[in-house]
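Letter by letter, the chains look like this.
There are 2 protein chains.
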Amino acid sequence: MDRLTIIKVGGKVVEDSESLNALLDQFIKFSGNKILVHGGGRTATEIAAKLGIETEMVEGRRITGKSMLDVATMVYGGLVNKKIVAGLQARGSNAIGLTGADLNLITARKRPVQEIDYGFVGDVVDVNSRELRMLIEENVVPVIAPLTHDGNGQLLNTNADTIAAELSSELADFFSVYLFYCFEKKGVQVNPDDESSVIPELDTTLFQQYQQEGIINSGMIPKLDNGFQAKRNGVKEVLITNPENMANGKGTRLIL
Amino acid sequence: MDRLTIIKVGGKVVEDSESLNALLDQFIKFSGNKILVHGGGRTATEIAAKLGIETEMVEGRRITGKSMLDVATMVYGGLVNKKIVAGLQARGSNAIGLTGADLNLITARKRPVQEIDYGFVGDVVDVNSRELRMLIEENVVPVIAPLTHDGNGQLLNTNADTIAAELSSELADFFSVYLFYCFEKKGVQVNPDDESSVIPELDTTLFQQYQQEGIINSGMIPKLDNGFQAKRNGVKEVLITNPENMANGKGTRLIL
Numbered sequence: 006m007d008r009l010t011i012i013k014v015g016g017k018v019v020e021d022s023e024s025l026n027a028l029l030d031q032f033i034k035f036s037g038n039k040i041l042v043h044g045g046g047r048t049a050t051e052i053a054a055k056l057g058i059e060t061e062m063v064e065g066r067r068i069t070g071k072s073m074l075d076v077a078t079m080v081y082g083g084l085v086n087k088k089i090v091a092g093l094q095a096r097g098s099n100a101i102g103l104t105g106a107d108l109n110l111i112t113a114r115k116r117p118v119q120e121i122d123y124g125f126v127g128d129v130v131d132v133n134s135r136e137l138r139m140l141i142e143e144n145v146v147p148v149i150a151p152l153t154h155d156g157n158g159q160l161l162n163t164n165a166d167t168i169a170a171e172l173s174s175e176l177a178d179f180f181s182v183y184l185f186y187c188f189e190k191k192g193v194q195v196n197p198d199d200e201s202s203v204i205p206e207l208d209t210t211l212f213q214q215y216q217q218e219g220i221i222n223s224g225m226i227p228k229l230d231n232g233f234q235a236k237r238n239g240v241k242e243v244l245i246t247n248p249e250n251m252a253n254g255k256g257t258r259l260i261l
Numbered sequence: 006m007d008r009l010t011i012i013k014v015g016g017k018v019v020e021d022s023e024s025l026n027a028l029l030d031q032f033i034k035f036s037g038n039k040i041l042v043h044g045g046g047r048t049a050t051e052i053a054a055k056l057g058i059e060t061e062m063v064e065g066r067r068i069t070g071k072s073m074l075d076v077a078t079m080v081y082g083g084l085v086n087k088k089i090v091a092g093l094q095a096r097g098s099n100a101i102g103l104t105g106a107d108l109n110l111i112t113a114r115k116r117p118v119q120e121i122d123y124g125f126v127g128d129v130v131d132v133n134s135r136e137l138r139m140l141i142e143e144n145v146v147p148v149i150a151p152l153t154h155d156g157n158g159q160l161l162n163t164n165a166d167t168i169a170a171e172l173s174s175e176l177a178d179f180f181s182v183y184l185f186y187c188f189e190k191k192g193v194q195v196n197p198d199d200e201s202s203v204i205p206e207l208d209t210t211l212f213q214q215y216q217q218e219g220i221i222n223s224g225m226i227p228k229l230d231n232g233f234q235a236k237r238n239g240v241k242e243v244l245i246t247n248p249e250n251m252a253n254g255k256g257t258r259l260i261l
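Sequence lines, in order, name chains D and F. If you're matching positions, the first sequence starts at 6 in the working numbering and goes up one per residue. If you're matching positions, the second sequence starts at 6 in the working numbering and goes up one per residue.
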């Protein structure tokens with residue numbers, strides 16, 4: 006099977022134009038098929054504040070009321086996505102920006118209200134990769150914003166780490182998928198203050214142990230859960246890394 | 006050649022959810038290949054105002070400073086575009102939202118500063134329809150936002166009427182193109198206050214005469230210039246109409 010590199014970038018990396026340019030320079034170095042999945046939470050929070058909409062987070066997840074969904078649609082689907090697309094086109098990479106609504110790529114279900122009402126947040130139900138694969142085969146580079154739809158006209162806010170994992174899992178049937186979770190740090194660290202404490206390989210036993218010991222904290226847990234799920238679904242490699250180390254394969258590698 | 010219907014919708018039609026739904030109900034009735042090109046200026050003005058950015062218009066054209074370009078990118082490329090895409094998906098139409106940067110679809114040049122500095126406004130230089138045609142052949146329905154790029158990473162704000170005409174002209178080599186400019190009124194009216202005064206057919210001689218007599222005013226002139234240009238480039242039919250009359254072909258038909 007052909008190799009497909011799926012890179013999820015979040016945090017400050019995509020929201021500051023200098024670090025975004027550095028990331029895109031690294032990204033285009035990957036030869037062959039590739040997909041970029043991005044976040045944009047900081048900009049959404051900033052724009053929301055300017056519009057007088059308060060940001061409410063529960064365990065790192067954004068409560069998405071109607072106004073906040075509009076902000077997410079503007080920022081993720083518009084501002085961040087199209088800047089990345091234009092930046093890749095400038096580098097000779099034939100990018101296309103997509104949300105889960107485009108091409109009916111990712112259908113989700115509004116998260117049922119239990120203890121917390123997350124609002125217009127979607128849990129992924131189905132990935133339809135037919136047209137996406139057609140585009141990839143034409144050397145197009147999809148750039149995916151963290152938005153899905155319910156198939157009944159409702160857009161939904163969906164975690165970008167989850168989208169990267171779900172896409173990787175679906176595409177593992179057609180490609181040899183390498184998934185990179187790319188953020189500010191060099192990998193998963195035993196000591197958050199010590200860059201040299203990156204865990205080179207993490208299996209599920211060690212992951213559980215580190216969770217129990219409180220070494221791996223709440224922000225990282227869903228990302229790793231997503232990563233392990235992707236591995237179980239046949240994704241060839243899952244690496245937690247930063248833009249500088251993407252290409253040389255350094256970081257935290259998940260193993261089953 | 007296969008028929009391709011290109012519908013440009015602007016003004017209030019796409020920005021009020023009730024009229025948008027009515028439009029989408031009409032739009033999906035067109036069988037076969039179709040493209041929707043949309044505006045979104047009112048929402049952009051509204052969001053800009055909330056963000057403290059002043060809107061400046063010269064002869065109906067928006068002056069697009071850096072902040073206003075961000076608003077245009079958010080509103081046209083994000084909010085309006087993705088709502089339409091989700092609405093079409095809900096109607097079983099496999100829509101994809103695109104700007105001119107996506108798939109390198111429309112390259113433009115920042116308008117040179119002469120008497121007026123329009124800011125980040127782009128004049129179309131080139132349309133690349135290769136991947137777009139591939140999508141159309143797969144029954145995908147492109148939804149195009151009025152944004153282009155310069156190929157060097159800069160997004161540009163570009164008039165939606167112009168985008169519709171340029172796309173129509175390019176695609177006339179591959180399809181039998183029917184272009185509909187769809188707005189609030191039934192067509193081009195001799196008397197702006199009399200709905201029954203719609204001009205059924207307009208040729209370039211009559212267009213010049215009406216311009217000289219001040220019957221056709223400044224807002225309509227660029228739209229009609231675009232429409233006549235599309236006709237000269239081989240577009241089969243250009244009709245100025247409203248959502249209710251799109252399907253029955255009533256309105257103002259341009260003839261050479």
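Hints are supplied without guarantee of correctness; some may be wrong.
One copy or two, it doesn't matter: identical chains are merged, so the pair holds either way.
Unchecked claim - Below, in silico cross-link-like pairs of lysine to any residue (SDA-like), each with a Cα-Cα straight-line distance of 25 Å or less:
1. K241 / S24
2. K241 / E59
3. K71 / E23
4. K115 / E142
5. K115 / G97
6. K115 / G224
7. K17 / E175
8. K17 / S72
9. K34 / E242
10. K71 / T112
11. K55 / L74
12. K241 / Q213
13. K115 / I58
14. K34 / L56
15. K115 / G37
16. K55 / G97
17. K71 / A27
If you're looking for bench data, these hints aren't it; they were derived computationally from the structure.
Now for the hints, and whether the structure bears them out:
Taking the closest pair of Cα atoms, K241 and S24 never come within 25 Å of each other, the shortest separation being 28 Å inside a single copy and 48 Å across copies. Proximity of K241 to E59 under the C-alpha cut-off of 25 Å is found in neither arrangement, the shortest distances being 40 Å within a copy and 51 Å between copies. Taking the shortest Cα distances, K71 and E23 sit within 25 Å of each other only across copies (17 Å), while inside one copy they are farther apart (32 Å). Proximity of K115 to E142 under the C-alpha cut-off of 25 Å is found in neither arrangement, the shortest distances being 32 Å within a copy and 32 Å between copies.
Proximity of K115 and G97 under a CA criterion of 25 Å is satisfied inter-copy only: 20 Å between copies versus 37 Å inside one chain copy. In the homo-oligomer, the alpha carbons of K115 and G224 lie at most 25 Å apart inside one protomer (22 Å), although the nearest pairing across protomers, at 43 Å, exceeds that limit. Proximity of K17 to E175 under the C-alpha cut-off of 25 Å is found in neither arrangement, the shortest distances being 28 Å within a copy and 40 Å between copies. In the homo-oligomer, the alpha carbons of K17 and S72 lie at most 25 Å apart both inside one protomer (23 Å) and across protomers (20 Å), since each shortest distance falls under that limit.
In this assembly of identical chains, K34 and E242 lie within 25 Å of each other by CA distance solely inside one copy; the values are 18 Å within and 46 Å between copies. For a Cα distance limit of 25 Å, the shortest separation of K71 from T112 inside one copy, 19 Å, qualifies, whereas the shortest one across copies, 34 Å, does not. In this assembly of identical chains, K55 and L74 lie within 25 Å of each other by CA distance both inside one copy and across copies; the values are 15 Å within and 17 Å between. Taking the shortest alpha-carbon separations for K241 and Q213, only the intra-copy value of 22 Å comes in at or below 25 Å, while the best inter-copy value is 66 Å.
Within a single copy, K115 and I58 get their C-alpha atoms as close as 21 Å, which meets the 25 Å cut-off; across copies the closest is 34 Å, which misses it. Taking the shortest alpha-carbon separations for K34 and L56, neither the intra-copy value of 38 Å nor the inter-copy value of 38 Å comes in at or below 25 Å. Taking the closest pair of Cα atoms, K115 and G37 never come within 25 Å of each other, the shortest separation being 35 Å inside a single copy and 32 Å across copies. Taking the closest pair of Cα atoms, K55 and G97 never come within 25 Å of each other, the shortest separation being 35 Å inside a single copy and 36 Å across copies.
With identical chains, the CA atoms of K71 and A27 are at most 25 Å apart between copies only, with a shortest distance of 22 Å across copies and 34 Å within one.
Checked against the numbered hints above, the structure violates hints 1, 2, 4, 7, 14, 15 and 16; every other hint is satisfied.
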